[in-house]
Amino acid sequence: MSLQKEFSKGLWEVIPPFRLVLGLCPTLAVTTSAENGMGMGLATTFVLVFSNLLVSLLRKLIPGNVRIAAYIVIIASFVVIVELLMQAYTFPLYQALGIFIPLIVVNCIILGRAEAFAGKRGPLDSIADGLGVGIGYTISLTVLGSFREIIGSGTLWGLKVFWSGFEPFTFMVRAPGAFVALGVMLALINFISFKLEERKRRAQS
Amino acid sequence: MSFGDYMLFIIGAILVNNILLAKFLGNCPFLGVSRRMDTATGMSMAVIFVLTMAGMITWLVQYYILVPLDIEYLQTIAFILVIAALVQLVEIVMAKTLPALYRALGIFLPLITTNCAVLGVAIINIQAEYDFFDTLLFSFASAVGYSLALILFAGIRERFAMARIPKVFQGTAIGLVTAGFMALAFSGFAGLVGGGH
Amino acid sequence: MREIIRMVVVLTVICAVSGFSLALVRGFTKAPIEYSRLKFVKEPAVKAVLSGYDNDPIKDRLTIPVGKNKKGKPINLIVFPAKKGGKTFAVAFEASAAGYHGDIGVMVGVDPAQKKLTGIAIVSHTETPGLGARIVEPNFTASFKGKPADKELKVGDVNALSGATVSTKGVVAAVNNARGLLDKYRDKMLQ
Chain A
1 MSLQKEFSKG LWEVIPPFRL VLGLCPTLAV TTSAENGMGM GLATTFVLVF SNLLVSLLRK
61 LIPGNVRIAA YIVIIASFVV IVELLMQAYT FPLYQALGIF IPLIVVNCII LGRAEAFAGK
121 RGPLDSIADG LGVGIGYTIS LTVLGSFREI IGSGTLWGLK VFWSGFEPFT FMVRAPGAFV
181 ALGVMLALIN FISFKLEERK RRAQS
Chain B
1 MSFGDYMLFI IGAILVNNIL LAKFLGNCPF LGVSRRMDTA TGMSMAVIFV LTMAGMITWL
61 VQYYILVPLD IEYLQTIAFI LVIAALVQLV EIVMAKTLPA LYRALGIFLP LITTNCAVLG
121 VAIINIQAEY DFFDTLLFSF ASAVGYSLAL ILFAGIRERF AMARIPKVFQ GTAIGLVTAG
181 FMALAFSGFA GLVGGGH
Chain C
1 MREIIRMVVV LTVICAVSGF SLALVRGFTK APIEYSRLKF VKEPAVKAVL SGYDNDPIKD
61 RLTIPVGKNK KGKPINLIVF PAKKGGKTFA VAFEASAAGY HGDIGVMVGV DPAQKKLTGI
121 AIVSHTETPG LGARIVEPNF TASFKGKPAD KELKVGDVNA LSGATVSTKG VVAAVNNARG
181 LLDKYRDKML Q
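Residue numbers (our numbering), protein chains in the order written: chain A, 1 to 205; chain B, 1 to 197; chain C, 1 to 191.
With the rest of the complex left out, here is chain A (with noise of 0.2 Å):
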């Protein structure tokens, strides 16, 4: 597959959490807001494309039976260094998104990924694949902060986007909002991939 293709899959067909059900952890946590979202989005998709490409060029070299430990410490470090970027240089958001940052490191989609894909392709093709599925799980938790965030706060990064009568239905920003909302967009994503499907059908025949 092509370069380009490599990264697209990441936007549609294996997007996290939807299509790609991993990661789903920081997800229901962090996207309180759409700027946690998205925050937390960056900081997964700089762990994801760089121990990819680490993976990728020493998959030759690490033997088979150890992989997975290996793969531990290549994640965890970026992750550290991810964590003492943040805490240096944007502290707020690393205040925000709390215990979940040091959580990348047991993200399912950065494992998986790297079991899956670097291991086994080249670096430029993991990077691709990194940056896809890292931008996709980006687009996805905005997307779902956004929408608990007007929702819940009436606000939209931080701006007030309702008449100020409105009452926030706070239920959307707590635990059980998180759940609830993500199930409705996983079932209007499905939604949407069965038409995608039907049309496709439709055409063939």
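No lab work stands behind these hints, which were simulated from the structure alone. Don't take each hint at face value.
Said to hold, decoys possible - Calculated lysine-lysine pairs in the DSSO-like style (CA-CA distance at most 30 Å, straight line):
(1) C:K87 x C:K147
(2) C:K83 x C:K151
(3) C:K188 x C:K68
(4) A:K160 x C:K39
(5) A:K160 x C:K47
(6) A:K9 x B:K167
Source: prediction; values computed, not measured.
Since the structure of chain A is already known, use the hints to place chains B and C on it.
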């Protein structure tokens, strides 16, 4: 703390701050294994065991290695390595000594390494500045809370298999919405513990 | 045998490279992290007690060693100076005292020349919500502004909170502790 305080602490960890439904830890496997009761129970047992042990060992690593050497920034990488090693060790030991249990747990044991609940609780223990005994209790109670949510959920989902659900919601989507309502139910416990602070 | 050696070597090398790179990143982020931490956690309090300065009190902060803790590690007092034209005219620093439920951390602003408090801000507390926690209310903290900094402050000098006497006493005690620190380290603070 008195015995009563400890009981409140435990109940708080299980119900009020349920690590799955309130703190969002451990969701990936949650939706995967909760379709059937037997997988849910298998995962629960594994989680309780690993989480409690991991909580204790990571606490020791933090206060006897990371802090004295002033390398606390390496917490993430040290903890995940400890957890991965622990799970490997548990697998090896269990395969030899309790083969029936090992087979029953199946794939869930290695899967726990990437369960954010384990790493998450380990980090929370340090952030909350618990001493060793509190860590032990909190880890155990959190795992029990997780299992409770998991098993309840599996019970509900097994019923779903008989219901007629719109196609777009089938599978994970309806699971999420259900989890949402479960979370809502659990959030009703919010005033139960810690009202004095 | 060769396989095992290979496994060990590869893992060791990866860990070593990782450790080295992390130490490197840690090295050059240490200063920005400390600055960020202070800026976002303490700056609101500093801004609440100091005004009319033309410098960056966080950037110009002074670190004064004030003793050692149980393990022998030095305890530092961080002082935030307010300057005009390069001269310090007021300082802000934290002091604490026991409240009803744990320690109360108070950021105290002092004008040493005028011997007055420029204001206080509550930095940390675990007081009872609705009662002792009301020490963060502006009505309470504002009553400290302008009070003398050269003699002991009493509960009667400020707008004490009814129903939260212990918390009020705690804040007053913290301010008096701050005064003690000012007396002891005045020269170092005003350099």
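So, going through the hints one by one against the coordinates:
no.	hint	result
1	C:K87 x C:K147	23 Å, holds
2	C:K83 x C:K151	24 Å, holds
3	C:K188 x C:K68	18 Å, holds
4	A:K160 x C:K39	26 Å, holds
5	A:K160 x C:K47	26 Å, holds
6	A:K9 x B:K167	24 Å, holds
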